[in-house]
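Peer 1: Residue-level listing of the chains:
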Amino acid sequence: MSLFSVLSIGSSGMAAQRARAELLAENLANAETTRTPEGGPYRRKDVVFASTEIDSPFASAFSRELEAAGGVAVGDVITDMRDPELRYLPGHPDADAEGYVAFPRVNPAEDMVDLMGATRGYEANVASISAAKDMIERSLDLLK
Amino acid sequence: MLDRVAGQLERYMDLLSARQKLVASNIANADTPGYRTRDLDFQGEFEAAAGLTPEVVPVAGLPVKNDGNNVSLDREARLLSENAMRFQVASSLMRTQIHTLQTAITGGGQSE
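These protein sequence lines map, in sequence, to chains L and H.
With the first letter of the first sequence counted as 1, position 86 gets the number 226 in the working numbering; the numbers rise by one all the way through.
With the first letter of the second sequence counted as 1, position 42 gets the number 253 in the working numbering; the numbers rise by one all the way through.
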């Protein structure tokens, strides 16, 4: 039954959007972080989504034919390699010889807007799951 | 299945599920760079002989965003609820068909 794979597609979308939201939250949390294990200030991260084939446990060979269009997954996490923002803070412990501190190039407004996008994307996937669930329930009602 | 009407209904519901899957897939890929909206020619497929695998076609005429993606969440949300409602109608009709058959089997007596 191809309706069950709608659930898999929806959940793949939810997982991908959640991963995106996690990275955005990480960016916001680290907007002022000047020390990282790799050294230097924190660098902004973002996801690139890639469409994938859905591996539904119930999928038959026939329904797999239909699944050319599949789910989504995080294809890549990209790190923003732009030069850090230099702020003149001579008293800061991480200041260089001239008194400049390298801060992450994170624009909270940009991340907040992306976070809203991720939330909306998540909601849209939830809607597709509940629509499919409703259709499955309707089909089951035929047996009553 | 039961008769021609029920067979048509079954085909209709199959097509609706196939379409719902494409809609879900489009929604899931709303932020995938380069992804193009996919759909099936619903009317054409329904008129075609039953039992064939519906052909998935790209949707033309949607504005393409900077990342090459052309998924319109508004269009997909509309299709999502439209499909679910059509399915609801079809399943209610199918239920009536099954009930008619049940009545025939039980000779109009108590079916419970």
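One or more hints might be untrue.
To be verified - DEER-style ranges, computed between Cβ atoms:
1. L/S270 to H/P274: 34 to 40 Å
2. L/V188 to H/A259: 50 to 56 Å
3. L/T176 to H/P269: 28 to 34 Å
4. L/E193 to H/V268: 16 to 22 Å
5. L/P248 to H/V268: 24 to 30 Å
To be verified - Chain H is faced by these chain L residues, among others (derived, beta-carbon under 7 Å):
6. S142
7. S145
8. G153
9. A155
Bear in mind the hints are in silico, worked out from the structure with no lab data behind them.
Where a beta carbon is used, it is the ideal one built from N, C-alpha and C, also for glycine.
Peer 1: Next, verify each hint and record whether it holds.
Peer 2: For each hint, the structure was consulted:
1. L/S270 to H/P274: 34 to 40 Å: At 28 Å between Cβs, range violated.
2. L/V188 to H/A259: 50 to 56 Å: About 38 Å separates the Cβ atoms of L/V188 and H/A259, which means 50 to 56 Å is violated.
3. L/T176 to H/P269: 28 to 34 Å: With Cβ atoms ~43 Å apart, the hint is violated.
4. L/E193 to H/V268: 16 to 22 Å: With a Cβ separation near 19 Å, L/E193 and H/V268 satisfy 16 to 22 Å, so the hint holds.
5. L/P248 to H/V268: 24 to 30 Å: Violated, since L/P248 and H/V268 (Cβ atoms, about 42 Å apart) do not stay within the stated range.
6. S142: OK, holds: L/S142 within 7 Å of chain H, min 5 Å.
7. S145: holds (6 Å)
8. G153: Given a least distance of 3 Å, the restraint on L/G153 holds.
9. A155: Given a least distance of 10 Å, the restraint on L/A155 is violated.
Consistency note: the structure conflicts with the earlier hints numbered 1, 2, 3, 5, 9.
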